[in-house]
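The listed protein sequences derive, respectively, from chains H and G. In terms of the numbering used here, the numbers along the first sequence are unbroken and rise by one, the last being 634. In terms of the numbering used here, the numbers along the second sequence are unbroken and rise by one, the last being 1041.
Honestly, I wouldn't trust all of these hints.
[Unchecked claim] List time: in silico SDA-like cross-link candidates among lysine to any residue, alpha-carbon distance up to 20 Å: (1) G/Lys667 <-> H/Lys417; (2) H/Lys411 <-> G/Ala928; (3) H/Lys411 <-> G/Lys910; (4) G/Lys672 <-> H/Lys492; (5) H/Lys492 <-> H/Gly435; (6) H/Lys411 <-> G/Pro673; (7) H/Lys417 <-> G/Ile820; (8) G/Lys672 <-> G/Ser653; (9) G/Lys910 <-> G/Ser876; (10) H/Lys411 <-> G/Leu819; (11) H/Lys417 <-> G/Glu660; (12) H/Lys417 <-> G/Arg670; (13) H/Lys411 <-> G/Ser876.
It should be emphasised that the hints constitute simulated quantities derived from the structure, not laboratory data.
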Amino acid sequence: MAEQTIRFYQVGSFAIGNRLVDPQQRTVQSDRNRWNSLTSGHRACQGCGQALGARYVLDAAMAATDGQMIVVNATGCLVAFSTQFPESSWRVPWIHSVFGNAAAVGTGVAAALKAAGDTKTRVVVVAGDGGAVDIGFGCLSGMFERDDDCLFVCYDNEAYMNTGVQRSGATPAAARTATTEAVGREPGNAFGKGKSLPLLAVAHGIPYVATATVADVHDLEAKVGRAMELRGARYLHVLVPCPLGWGTAPEDTIRIARLACETGLFPLFEAAYGEILHATPIRRLVPVEAYLRPQRRFAHLFGDPPRTDDIARIQGIADRNIRRFGLLGTDEEGGQR
Amino acid sequence: MLRQIEGSRAVAETVALCRPRVVCAYPISPQTHIIEGVGTLVKSGRLKPCEFINVESEFAAMSVLIGASATGARTYTATSSQGLLYMTEAVFNAAGLGLPIVMTVANRAVGAPVNSWNDHSDAMALRDAGWIQLFAETNQHAVDLHIQAFRLAEELSLPVMVCMDGFTLTHAVERVEIPTQEQVDRFLPPFEPRLILDPADPISIGGVVGPGAYAEARYLAQARHLGALARIPELVDEFGRVVGRQSGGLVSSYRCEDAETIVVALGSIVGTTKDVVDQMREEGTKIGVVHLTTFRPFPEAALAEALEGAHRVVVIEKALAAGSRGILGADVDALVTNRGTRTLTVVAGLGGRAITEGSLRRVFGEAIRGELGAVSFLDLDREAVDRELARMAADASTPPSVARVFGDLRAPTARIV
């Protein structure tokens, strides 16, 4: 198979780890000899957050396992853009079965390795939000409950992008999708629906749960590293903006992911055995409007007249997250700021 | 060793002799005794190394085996009825990926109306899933077919479904000889996967295939199925040499020489039919029965040969294909119709309704006298059905009511002659 060497700009930016920092602090992505588990030449859209997330996560996991890893992939964009017969962008052993069963396939891979006495090879299961939150949830919950030795990674782009941007159980309130159009008195996705899969994962009491985004590679890679140090069921939820579905500029993917955290809409936290251990404080709190306005899926909130009521409700969601996870950190007396 | 043993227990012990590395199942009657048996054999350490995994659904069970098989493990599960339908998407997927998974289907009716007794609705619903489907006539047959199934699956890279009648076989205690470990090991070599997820040699399994190659991929599945038709009889011979018993194969004929009437059936009903054939032969009727051990791939040539010379073929169909002339019936009819042989489909034994010798004698007699329609229903309470149909015709707003039909039925036990 023809392979392309990694270009200088792919390892030099701040976003992927800054080659100017101390060697120990550099990211896996900044290494020109990184695994490149998902190599270039695939058919993802420009600025695809999932393509970035998949490579960041899997390269970090490959580094943690010294390349002894098998990847299971649920149906979705990632399968569609990375494999078109007879080509494949995968440089790891990779299997795709169907949409809803990735976690169970992962269980099977882990069981076969265990039965063969292979304690070195590790299993990483990857899925979009549809394959994790919705159709894949039964198998995922079963995998969690049995504490099977798999890391399950959900690349959350908050809708069914592969089929043309339809609503999923991870679609945020007010967001326009092809099945929650921006029409009627309550345009976009209804308020009060959807579920937090990270918190559902925490409720299963599994050894490790974390959230991350593609905006902070250091944080993302550190969480993958911690997950791979542990055995049993582990869950990593990665927010991956989708320029096509969110209506954002391809070059804004990282900025939008960062804004999701800085508004409090996407809390970054780590949990173990049912307990939330740590949430990343917001360094520069911004109002939700700064996150919503650049996205066409929320454009109907900024029409004439603007839907200040809906924007306020979304701000309320962010404020609740900030309180619940302590996202403003603590002051010197230990109280919340 | 010849033992008096329950069918499920015999299958469980046989599966263990085949040394699966990963067994995964979700409980459903009447499959339960099989997986309980395998589970106990794993937990007690008699079957090792083996991972026995209790999952949250049949869909997960098949999916676990897809992952395990692609990682090089010999894999096994068992299910029935609703369970088989619930795992359908993964059943097709396992065949498409060419994974040699072996699954017992303890055949059971499919709801609604919910019914946990035997018929073949479940296996028939998935006849086009790409799996080889073998039907056991007896529990001895079931034991032998499971051993052959692993060998066949792994040689052809195709999953194999071994169908055995729920309760009628799974819960029947009868004499069965389970081969020794040494015999099974001699017949069934360790699994050497053709396709394996291995970090040392990374491959992509299950990628997208567009219009440019999909038809070719599907054709290869067809070719492997046709290959099975050639391989199955050879494996029967080899099995016979190792175990000392002829068992399995494509079709088996009983007293079909010079037969004018040949009955075709799948599964345990063939035993009762053989008794009826014996009785009718004694009375001078030229009748025989053919058991289709291999239903998919459909053994056209072997079956056509077995039916050579018959004036009429009576197909016993333990499933209802609503709106059509029957599944097995249509398959058989396509084989014999252009040589002037009549096919008469008898839908029988639905939802565990007993198929008695008396009823079979009566229906075979009607077939011979030319009194039987192309499709008929054995022992159907015609009066109750007609009353309900009349009621529905009189008042179109009344939904069909199973409860009301039941109210009209006499006690089923009173009907067994």
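Now for the hints, and whether the structure bears them out:
| no. | hint | in the structure |
| --- | --- | --- |
| 1 | G/Lys667 <-> H/Lys417 | 24 Å, violated |
| 2 | H/Lys411 <-> G/Ala928 | 48 Å, violated |
| 3 | H/Lys411 <-> G/Lys910 | 58 Å, violated |
| 4 | G/Lys672 <-> H/Lys492 | 41 Å, violated |
| 5 | H/Lys492 <-> H/Gly435 | 14 Å, holds |
| 6 | H/Lys411 <-> G/Pro673 | 9 Å, holds |
| 7 | H/Lys417 <-> G/Ile820 | 16 Å, holds |
| 8 | G/Lys672 <-> G/Ser653 | 26 Å, violated |
| 9 | G/Lys910 <-> G/Ser876 | 17 Å, holds |
| 10 | H/Lys411 <-> G/Leu819 | 19 Å, holds |
| 11 | H/Lys417 <-> G/Glu660 | 31 Å, violated |
| 12 | H/Lys417 <-> G/Arg670 | 26 Å, violated |
| 13 | H/Lys411 <-> G/Ser876 | 42 Å, violated |
The structure is inconsistent with the numbered hints 1, 2, 3, 4, 8, 11, 12, 13, although it conforms to all the rest.
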